[in-house]
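Each protein sequence line maps, in turn, to chains A and B.
Just so we're aligned: 87 in this note's numbering is position 87 of the first sequence, and the numbers increase by one with no gaps anywhere.
Just so we're aligned: 1021 in this note's numbering is position 21 of the second sequence, and the numbers increase by one with no gaps anywhere.
These aren't lab readings, by the way, just hints derived from the structure by calculation.
Be aware that a few hints might be false.
Restraint-style ranges between C-beta atoms, simulated for each label pair [claimed, not checked]:
#1 B:GLN1041 / A:SER26: 13 to 23 Å
#2 B:ASN1059 / A:LYS58: 30 to 40 Å
#3 B:ASN1079 / A:ALA54: 38 to 48 Å
#4 A:SER3 / B:ASN1055: 17 to 27 Å
#5 A:SER14 / B:PRO1095: 39 to 49 Å
#6 A:ALA54 / B:ARG1015: 44 to 54 Å
#7 B:GLN1017 / A:GLU15: 41 to 51 Å
#8 A:ARG109 / B:PHE1060: 21 to 31 Å
#9 A:LYS68 / B:ARG1022: 38 to 48 Å
#10 A:GLU71 / B:ARG1015: 38 to 48 Å
#11 A:GLN45 / B:THR1020: 23 to 33 Å
#12 B:ASN1077 / A:TYR39: 24 to 34 Å
All C-beta atoms in this analysis are idealised placements derived from N, C-alpha and C, irrespective of residue type, glycine included.
One letter stands for each residue in the lines below.
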Amino acid sequence: AQSVTQLGSHVSVSEGALVLLRCNYSSSVPPYLFWYVQYPNQGLQLLLKYTSAATLVKGINGFEAEFKKSETSFHLTKPSAHMSDAAEYFCAVSDGAGGFKTIFGAGTRLFVKA
Amino acid sequence: ETGVTQSPTHLIKTRGQQVTLRCSSQSGHNTVSWYQQALGQGPQFIFQYYREEENGRGNFPPRFSGLQFPNYSSELNVNALELDDSALYLCASSPTPDREKFFGPGTRLTVL
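Whole structure, please, built from the sequences with the hints as guidance.
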């Protein structure tokens, strides 16, 4: 069975500050991991994904995430927050090849203060 | 641009009614998944279709059913609607079941 835990339902940062959104996963098989962003009244957009290649994954809009197997974590970071980053962020896990469903975390809403 | 579209955008139904939601996948994507996202929560997996056959299902009752058609369109049907069915319903397509999913904008269903 797979699961995802996102630590913190709300995160608030100042514009220009570091963004850190935390995600821990549980998986009995090597996981595929994803971060999605959702803007109000919209669907999900893929930010980045880990598929067992490089452990540091770079995504769109300056985001990156590092896969740490020993910590079962896949935290999302961005060096400098922008007002346009304010949105809901979802971490997700899939069992990849041969697997069929993606399990999402509950989400973290990011607020960016001017 | 994902290329996944859903209709309608919004829908209001009453308890006990039936509803059909539609999704048009990207061309060449043989897999479509449906998710229910209640307000303030993450998406919950309903089921997945691969080449017109259901090949995975989450913890949803049989009154949630689906169809996938050869032209890359699909449907989610919900019978005997309940108030708790009010949610954003997302469909996502991918070339194969284990590949990256591309999400549509969703259909907002309100059950009164």
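Right, here's what the structure says about each hint:
1. As the Cβ distance of GLN1041 of chain B to SER26 of chain A is approximately 19 Å, the hint placing it in 13 to 23 Å holds.
2. Take ASN1059 of chain B and LYS58 of chain A: their Cβ atoms lie about 35 Å apart, and the range 30 to 40 Å holds.
3. Between ASN1079 of chain B and ALA54 of chain A the beta carbons are some 46 Å apart, a value that agrees with the proposed interval 38 to 48 Å.
4. Between SER3 of chain A and ASN1055 of chain B, the C-beta spacing of about 21 Å keeps the proposed range 17 to 27 Å intact.
5. The given range of 39 to 49 Å is respected by SER14 of chain A and PRO1095 of chain B, whose C-beta atoms sit roughly 40 Å from each other.
6. Checked against the hint of 44 to 54 Å, the C-beta distance between ALA54 of chain A and ARG1015 of chain B comes to roughly 50 Å, which is consistent with it.
7. The supplied range of 41 to 51 Å is met by GLN1017 of chain B and GLU15 of chain A, whose beta-carbon atoms lie about 46 Å from each other.
8. The given range of 21 to 31 Å is respected by ARG109 of chain A and PHE1060 of chain B, whose C-beta atoms sit roughly 26 Å from each other.
9. Between LYS68 of chain A and ARG1022 of chain B the Cβ separation comes to about 41 Å, which falls inside the hinted range of 38 to 48 Å.
10. Take GLU71 of chain A and ARG1015 of chain B: their Cβ atoms lie about 46 Å apart, and the range 38 to 48 Å holds.
11. GLN45 of chain A and THR1020 of chain B have their C-beta atoms about 26 Å apart, which keeps the hinted 23 to 33 Å range intact.
12. Checked against the hint of 24 to 34 Å, the pair ASN1077 of chain B and TYR39 of chain A passes, with Cβ atoms roughly 28 Å apart.
Checked against the numbered hints listed earlier, the structure breaks none of them; every hint is satisfied.
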